[in-house]
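Numbering (this note's numbering), first residue to last: 1 to 303.
Restricting the straight-line Cα-Cα distance to at most 27 Å, the calculated cross-link-like pairs of lysine-lysine (BS3-like) are:
#, residue 1, residue 2
1, Lys270, Lys145
2, Lys43, Lys270
3, Lys43, Lys54
4, Lys149, Lys270
Please keep in mind that the hints were generated in silico from the structure rather than gathered at the bench.
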Amino acid sequence: MTPKPRPRAFTILELLAVIFVIAVVAAIAYPTIGRMLNNRTVKAGVMTVNVAVKAARAFAGRYLQVRFDDIDPGIPGDQPGDYSGVAILFTPEGNLRLIENVPNAVASGAFLELVNLNGFADIPGREHITMPAGIGVAGIVGYTKVNNKVVPLLIAPPFAVRFNERGRLVVSEPGQAGRMVIYDSDLDGAWNANNSRPIDYDPDAWDPKRRAGLNRDANTFGYQLPFGTIESVIGIVVFDEEELRRSVRLADGTLDPNPLAADPGERNIKAATREWILSTEGPSFLRNASMLFFNRYSGAVIE
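Could you build the full structure based on these sequences and the hints that come with them?
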């Protein structure tokens with residue numbers, strides 16, 4: 001009786017060759033798979049911004065024929081008030097807060113509406129919208145030239161996107177009053193009104209007597225906000241913040257512990273972070289982020 005031949009097993013060399021081929025394929029595919037997952041997460045962030053914009057524009061149109069009664073100081077009850085719409089406040093914690101104009105806020109003895117500055121407070125009863133975990137945003141406040149190329153100037157939160165009572169984007173030139181959104185955050189309850197963002201401005205410094213999210217304003221019933229003066233931006237960049245923190249390095253090659261901070265004496269995001277966010281794939285596509293602008297006339301999002 002002829003014995004059956006024993007099945008031949010893989011040799012060590014053959015197994016090593018198979019493992020090597022699998023490793024090569026995985027190394028080639030990993031960046032593509034990672035980029036697909038990253039794009040999906042960033043798209044979720046873009047959708048969140050879209051939801052906030054639609055809600056803000058809807059709220060902004062509520063008071064086209066607004067009239068304020070006599071309890072608002074300085075505005076006679078028989079005269080229509082000067083309502084200036086709604087803004088979206090992007091906070092460092094990843095919240096998108098819908099806030100509406102408060103026309104009777106006082107700044108240095110003058111009503112903000114009379115000095116072309118506007119105070120804002122949370123819309124009563126409106127929950128915050130939260131960005132997906134790990135997704136970061138930066139605001140576009142202007143442009144600069146780097147190697148003869150026009151590059152957006154970016155700032156980290158807090159910043160605001162502002163719409164007027166017709167749901168149209170409010171934009172202005174740097175230094176103009178309309179560029180700013182002002183919040184009640186001083187110890188004495190006074191409104192902070194100026195046209196600059198000081199170098200020593202700390203966006204995370206909370207007023208100990210008016211902690212955001214805990215105390216409510218007796219007049220507007222909105223939550224107190226921790227900020228003073230915030231810049232309103234003309235566009236937004238949405239990116240994977242976790243990937244950013246794994247990628248941006250200091251001059252010595254170590255990971256930057258705070259890549260979204262500004263350089264000393266500056267207010268814009270540091271150059272290395274800006275380069276990563278705005279790095280392109282091909283002539284015009286961002287590799288690591290999505291850039292959003294707003295139609296000046298309709299306020300709609302343009303990606």
